[in-house]
Structure formats: C-alpha cells, structure tokens
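Trainee: For this one, chain A is given, so just place chain B on it according to the hints.
2 protein chains.
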Amino acid sequence: MRQSELFTKTRREAPSDETAKNAEFLIRGGYIHKEMAGVYSYLPLGLRVIKKIEDIIRWEMNNIGGIEMKTSILQNKEVWEKSSRWDDNVADSWFKTKLKNGGEIGLSWTNEETFTNVLKQYINSYKDLPVYAYDFKEIFRNEARSKSGIMRGREFYWKALYSFSKDEIEHNTFYEKAKQAYQNIFEKVGIGSLTYTTFSSGGTFSKFSHEFQTITEAGEDIIYVDEKKRIAVNKEVYNDEVIESLNLKKEELVEKKAIEVGNIFTLGTKFSEPFDLKYKNEKSENQLVFMGSYGIGLGRLMGAIVEILSDDKGIVWPESVAPFKIHLIEIPSESDEVKKKSLKIYEKLGEDNVLYDDRNIRAGEKFNDADLLGMPLQIIISEKNIASNKLEFKDRKTGEVKMISEDELPNLC
Amino acid sequence: MRQSELFTKTRREAPSDETAKNAEFLIRGGYIHKEMAGVYSYLPLGLRVIKKIEDIIRWEMNNIGGIEMKTSILQNKEVWEKSSRWDDNVADSWFKTKLKNGGEIGLSWTNEETFTNVLKQYINSYKDLPVYAYDFKEIFRNEARSKSGIMRGREFYWKALYSFSKDEIEHNTFYEKAKQAYQNIFEKVGIGSLTYTTFSSGGTFSKFSHEFQTITEAGEDIIYVDEKKRIAVNKEVYNDEVIESLNLKKEELVEKKAIEVGNIFTLGTKFSEPFDLKYKNEKSENQLVFMGSYGIGLGRLMGAIVEILSDDKGIVWPESVAPFKIHLIEIPSESDEVKKKSLKIYEKLGEDNVLYDDRNIRAGEKFNDADLLGMPLQIIISEKNIASNKLEFKDRKTGEVKMISEDELPNLC
Chain A
676 MRQSELFTKT
686 RREAPSDETA
696 KNAEFLIRGG
706 YIHKEMAGVY
716 SYLPLGLRVI
726 KKIEDIIRWE
736 MNNIGGIEMK
746 TSILQNKEVW
756 EKSSRWDDNV
766 ADSWFKTKLK
776 NGGEIGLSWT
786 NEETFTNVLK
796 QYINSYKDLP
806 VYAYDFKEIF
816 RNEARSKSGI
826 MRGREFYWKA
836 LYSFSKDEIE
846 HNTFYEKAKQ
856 AYQNIFEKVG
866 IGSLTYTTFS
876 SGGTFSKFSH
886 EFQTITEAGE
896 DIIYVDEKKR
906 IAVNKEVYND
916 EVIESLNLKK
926 EELVEKKAIE
936 VGNIFTLGTK
946 FSEPFDLKYK
956 NEKSENQLVF
966 MGSYGIGLGR
976 LMGAIVEILS
986 DDKGIVWPES
996 VAPFKIHLIE
1006 IPSESDEVKK
1016 KSLKIYEKLG
1026 EDNVLYDDRN
1036 IRAGEKFNDA
1046 DLLGMPLQII
1056 ISEKNIASNK
1066 LEFKDRKTGE
1076 VKMISEDELP
1086 NLC
Chain B
676 MRQSELFTKT
686 RREAPSDETA
696 KNAEFLIRGG
706 YIHKEMAGVY
716 SYLPLGLRVI
726 KKIEDIIRWE
736 MNNIGGIEMK
746 TSILQNKEVW
756 EKSSRWDDNV
766 ADSWFKTKLK
776 NGGEIGLSWT
786 NEETFTNVLK
796 QYINSYKDLP
806 VYAYDFKEIF
816 RNEARSKSGI
826 MRGREFYWKA
836 LYSFSKDEIE
846 HNTFYEKAKQ
856 AYQNIFEKVG
866 IGSLTYTTFS
876 SGGTFSKFSH
886 EFQTITEAGE
896 DIIYVDEKKR
906 IAVNKEVYND
916 EVIESLNLKK
926 EELVEKKAIE
936 VGNIFTLGTK
946 FSEPFDLKYK
956 NEKSENQLVF
966 MGSYGIGLGR
976 LMGAIVEILS
986 DDKGIVWPES
996 VAPFKIHLIE
1006 IPSESDEVKK
1016 KSLKIYEKLG
1026 EDNVLYDDRN
1036 IRAGEKFNDA
1046 DLLGMPLQII
1056 ISEKNIASNK
1066 LEFKDRKTGE
1076 VKMISEDELP
1086 NLC
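Sequence lines, in order, name chains A and B. For the first sequence, position 275 matches number 950 in the working numbering, and the numbering has no gaps at all. For the second sequence, position 319 matches number 994 in the working numbering, and the numbering has no gaps at all.
One or more of the hints may lead you astray.
Note that identical chains are pooled: a pair holds if it fits in a single copy or bridges any two copies.
Claimed, not checked - With a straight-line Cα cutoff of 16 Å, these simulated EDC-like cross-link-like pairs (lysine to aspartate or glutamate) come out: (1) Lys-684 <-> Asp-803; (2) Lys-775 <-> Glu-818; (3) Lys-709 <-> Glu-753; (4) Lys-775 <-> Asp-763; (5) Lys-773 <-> Glu-818; (6) Lys-802 <-> Glu-680; (7) Lys-1059 <-> Glu-1012; (8) Lys-802 <-> Asp-1033; (9) Lys-1016 <-> Glu-1081.
Treat the hints as calculated values from the structure; they're not laboratory data.
Pulled out of the complex, with its shape left as it was, chain A reads as follows (with noise of 0.2 Å):
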C-alpha cells in the first residue's frame, strides 16, 4: 500500500489520559483510535494486525477440529436466567439495554450460556458428540476502571470455542491438544518465549484451570515461574500444597508481573446441567454433555505484543502479524531515479507485503514514521543507493543495516 493513500498520520503525543505504552504507541501510530476509555476503533492499520492475528487463531483452532459459526452480541435474558448469570449480582460485567417493548436485554459479556444453548437444539446421540465450536465477536464488559489500553477493554475482539463432549476422557483430549494449540499461537506471534502456561484456579470439575501468561512489566497479574519447565503458577493458587502437588520447588520459581494472553477451563457440566443438554449413550441411557471454555482476546493479544516488543522508538512488529512486511522508504530526489526504483521494488515485492513511504516529506520524518510504526524490515531507496547499484536494508530490531543486491529480493516475499 502506498502510504500516501492512508488517511490515517503519526502524532507526536497520545491522549494525556493515556498512561499505557501499547495505546500510546499504536494511538501515535494511527493504529487505534480512542474511541472513550476502555473503547478503541481499529484504523486501516491496526485492522490489518488484528486480522494477521485472527487468521493464526483461526488456523489453530480448525487444525484442531474447531468448526467456526457467529453468535449475536445482544442477549436473551431468559437464556441467561437458566444459568443464574442474568442476575448482576452473580455476573457484574453485564451491560444491559431494552427494547421498545421495555423487555430487557444484555450484551454478551461471554459466550457460555449462549453457545449451550445453540448446540441444545442439535445435541441429542453420542453420534452427534464431540462439537468443538467457536466464534469470533465483539465482547462488553462493564469494567469500572479502563486504564491498560486495549489490553483491557470494555469493547474487545474475542475469540471463544467450547468444546462438548461425552466424558471427562475424550474432554480430558480434546483440553492437551487446545493447550497446544495455544501454545502454537504464541509462538506465532512472537510472543512463545515469554509466554507461560500457568496453572491457575479450576473449578468444580478440575483442581485447575490454564492461563497463558505473558512476562511484562505492564501485567496486571503476578505469576510465579519455573524457567526450565516452562510452567508457572499463579499467585491465587500459590501455596506449598500446590507446589508440591506440581512437583515444583519453591526455591526455583521466581515471581514475575504478566498479563493473561489467554485460558483455558474445564467446565464439566456446569452448563450442561442447568440447560438439560444431554445425549444419549449406546445403552439409550441420558448422559450430560461434559464442557470447556478456550477463550482470547485479539486486542489484549495485539496490546500485549506491542508492551514486549517495542523499544524506545516505537513498535517492532513479528512478521507474522505485521501489517506489512516491509517499509520501502524512498528518500526524495529532484532525480527520477528514485521514484523510478522506489515503483518498480514496490511493484516486485506486491502491494500486500510493502508499505511504500512514496509521501514528499523529509527523510528524517520518515525513518521516525518508519521506526515508530514497526515494520520488521526497512528498505531504503536513494540517491545514493542508486549510484551503489545496491538496496539498503534495516532490520528494524536490530538496526543492523545491511546492502543487498536487487536480485536477492525475490526471496523475501
């Protein structure tokens, strides 16, 4: 994309009542607006991460056999009533609206009550057993305090499977393999190294459950760390009967700041009970459907690699959720030259992969636009490069500056 065709500019400042590093750079870079606290729009920019982040999420979950559907946001108060979790105080991150009528209706705030209901109608045999299905949606939640960017929102972008299956076995299963799945996901956007599966407060149905989490000073969470088994617990569980229970030892977890990337729950039939959904067995013998919950957040992921990956200067995007690739700056020039080469780079390495810095300003103005913005890699067309027969390349986490040949671009893209 020609960067002259974004409306979207950088700023020098983020709103004054914006004290988090992610909503401060992705604001300054024009990938986010401000909609209130706790409310951002995702400009030209910022959509594009979000759907690089949504398409490894997506992968991820079909390769396990999850199966995609789209569920409304506005809520049926009698839904929510069969699980208790209409009543706010049960349930306090509800908002609730009403119709002409005056019948009330809520927001989803999650997905639970609303996907068991779906499956209620189309669950009847252990031939219909397992579903594993899942949407992506806009989730509310009434927060009385917004303040970690688009880490913690009251509007955010949420992806939600659940899994119904005949028993705790085949869940038991189905729960490794989305653990894995998750883990994929990290490790795809860049953030596997310093994500944690963590094991954190369960339920009626499994002494824990698993959080993702990542280290961060900009946490909100404190988790403590077994570097080697690359497992963590969280400080709501942490106590010597868990520990020892883990097969950990104190003396060799370290306590960090992390935020929740994540996390998955065994249900049971915490669900299944109060909605009735049943199967029936070989025997014809009524079983309950046993259940997990697998839920994450696009933005708070989005905000949580911009928090760890970022420098002094601004962001530094993995490639695998960049919204381009490659940031092709052309220094102006009174010579045609560079505008000439600058085209025919851009038209080589395709209008999906490249942001093309083509605007006529100066080239300090650019390199700051270029460095805030993120793009992994930096090319560098002027003049002088030209007269070299020779690309500049930067990386922009190292800002190692390399000169390549022409010929070797084709495999970059």
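Mentor: This is chain B only, laid out in the frame that chain A set:
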C-alpha cells in the same frame, strides 16, 4: 467439509412465530439460530454465506479506492451530541446502556458521526483528500417490530463506506463509481436482474438518493419500475414532477413490491459542519469537506437472495455465495465401492468446495436435505452409477440430471 462433522441438522419445521420465508428456510437448514425476534446467530453454513458476500463487497469497495477499518460498537454520547442525533426524539433507533460510573453510552445504529469524528483527526489539507473509508460491523436498531427474518434485524451485520471529498464535483465522480460498484455486487450475488437503481428522497445537498431495490413479494417498499431503462422510482417521491424530471413516462412504469438491499446518499456538509471538518485548499482557505454515505446490510442481502432464489423445496444458492459449490451425496450401500468413489471425488474437488454427505441415513432424507440446503450442484454416487462408470449430476435450480464421466470433474472447481 464432511456433513457428519457439521453439528447442525435440518429441521422439518421453523419456529411457529417465524413468518418470513427467508428465516424459515435458513432456520430449517441450520444456517441461522433465532436468539430472539430480530436477532439471529450465524451457524457454520450461514457464516460461510456471509463471508462470501463480505468478500464480494470488500473487493468492490477496494476496487473504487476504499480503505477498511473497524469502528467500535459502543458509542460516545459527546460525539453524537455534536450532530444532535444522540437525542431519542431525533434518532429513535438507539439502544443505550450505562457505564458503572453512570455515564450513558449507545450501540452504533449508523456510522456517520463515528467516521467523521475519526477523520477529523487526520484531515487538514486538500492533500489529505479524498478519503473513502469503510467498515464491516454489527449495527443495532431498536425496531418496534421485527418480522422479516434476517431482512430487518434489531442486530445486523453491515458495510458502511463514507466518502470525504474536496467538493461536490469530486464527490459526484466517486458517487457514480460507487453506484456502479453496488450494481456489480448485486450482479455477483445473483440478484442483478431483479435489482433496480431507484430514485428516492434526497436531502439538502441533492434532490435524490439512490436505493437498490430488489423485486420480491416479501418486500416492504413500493417502487415504480421502468424495465427498459433499468431504473425505478420509490413511492415516497413518485409524482408527476419527479417522473418528468427523470424523463420517464407514467404509462411505462410498473408498480412492484421490493426490498431495499443497499443505498447511497449524498450527505454534503450535513456532518462536516457540526464536526467542523474542514481542510485548507491550495489558497490556504478553509473549506468544509463534502461527504457521502454508502450502506449495505449483509444479512438483509442474504435474506433477499433466499426469498428470491428459493423454490418450494428449499434454497437455491448462486455459486458465488453458496456455502459450498457442490453437495456430494453418497448413497449408503453394502459395497465399499460407493464410499471409496465418494472419498476419491471429495478429495479431488477439495473440502472447501464440497459438502460431502457421508452420513449413514436413507437416500430420500439426503435428497431432501440437499434440496433444502441448496448447493447449486449435486453429485450423486450410488452403486448403479458406479456400475455405469458415470457420475450423476443434478442442477439444483433446474432439476436437470446429467450423467458425466469422471474426467470432466477438474473443470468444476
């Protein structure tokens, strides 16, 4: 995709409160789930249709210079007060809700204010214009009644593009391009021949707006059609003066019921004025930006396609938006040959192109399901067909059956 892996099933009956044909077929086919009146979830097959429609629209919007973003659903009262449309007496479609701290917020029912407010940050000079920005998002309208299935929802998935031009001349050039793009969309989704560019009421800045009205008995609008000229006039502006000004003749206009599947509108400075959205022209004079809006409801379009292209057996999807191009029907058999041949064809055509009915149920049930679900082409694999060394092809629309040799398959997908 294997039908055995699809958790949805067909149903004989739609909910008794559902009177619209589109909702009846889509619910019976397991395309959508009714959450409440006017609110539907898209099940896996339904989501596939929506995504195909989305891809067609996105291609056309990008083709005329559109740039995609994603604005929030939660809306800021202060922003909407600028245009006076926060007031329920001015805009009666709002769903509103409250923050924990008591502040009032709304759910987006349209996007003019949201886009104008975002662009206000980025437009300063004539060099920043034009901008053609769009998004796909859920839109919420607090309709008193909702009885047209997915053609008029309280929650619906919508594309909106807003054009920001330097002046009326630049605007008009784009407006004509957008009109053509809209015609292309309706052509591509298979309802082009029944869809008329329709003159409707304009506003301060233009005598008319344009609706795209598709002829159907299920429509809520009355239009007067000139079939030769391929244009129509909405009843709301149908009078002698208008007919004459459009060079039409009353005796050549035919009254029809129709559904509005899209509309485009010249906004002029209606929103740039209250938002003080100005740019400096080449003489450094401040000028108001000249705007236009271009909307299309994806659920409504999907509903209209079903209303128009279905028959008494079920839906008849055009290939462009069908969840799968082909329904591969394996007729259960004692011999292994049928399954082997079916699998071979399935793999050859690809899981993304084929819904493979591998279920162990009666042939009659399979045929009924295939006709209800409406993939454009059915391929039937039975013992008899294998014996004759031919594949049986059935065109869902015409019912025509052809025996074709396997060699002709590769041309299909």
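Trainee: Now tell me if each hint is right for this structure.
Mentor: Against the structure, the hints:
1. In this assembly of identical chains, Lys-684 and Asp-803 lie within 16 Å of each other by CA distance solely across copies; the values are 10 Å between and 52 Å within a copy.
2. In this homomeric assembly, Lys-775 and Glu-818 come within 16 Å of each other (Cα to Cα) only across copies, at 7 Å, whereas the closest approach inside a single copy is 26 Å.
3. With identical chains, the CA atoms of Lys-709 and Glu-753 are at most 16 Å apart between copies only, with a shortest distance of 13 Å across copies and 34 Å within one.
4. In this homomeric assembly, Lys-775 and Asp-763 come within 16 Å of each other (Cα to Cα) only across copies, at 12 Å, whereas the closest approach inside a single copy is 22 Å.
5. With identical chains, the CA atoms of Lys-773 and Glu-818 are at most 16 Å apart between copies only, with a shortest distance of 11 Å across copies and 20 Å within one.
6. For the homomeric pair Lys-802 and Glu-680, the shortest alpha-carbon distance between copies (10 Å) is at most 16 Å, but the shortest distance inside one copy (53 Å) is not.
7. Taking CA atoms no more than 16 Å apart as the test, Lys-1059 paired with Glu-1012 passes inside one copy only; the shortest distance there is 11 Å, against 69 Å between copies.
8. Taking the shortest alpha-carbon separations for Lys-802 and Asp-1033, only the inter-copy value of 13 Å comes in at or below 16 Å, while the best intra-copy value is 59 Å.
9. For the identical chains of this complex, Lys-1016 and Glu-1081 are intra-copy neighbours only, at 10 Å inside a copy versus 50 Å across copies, given an alpha-carbon limit of 16 Å.
Consistency with the previously given hints is maintained throughout, with no hint failing.
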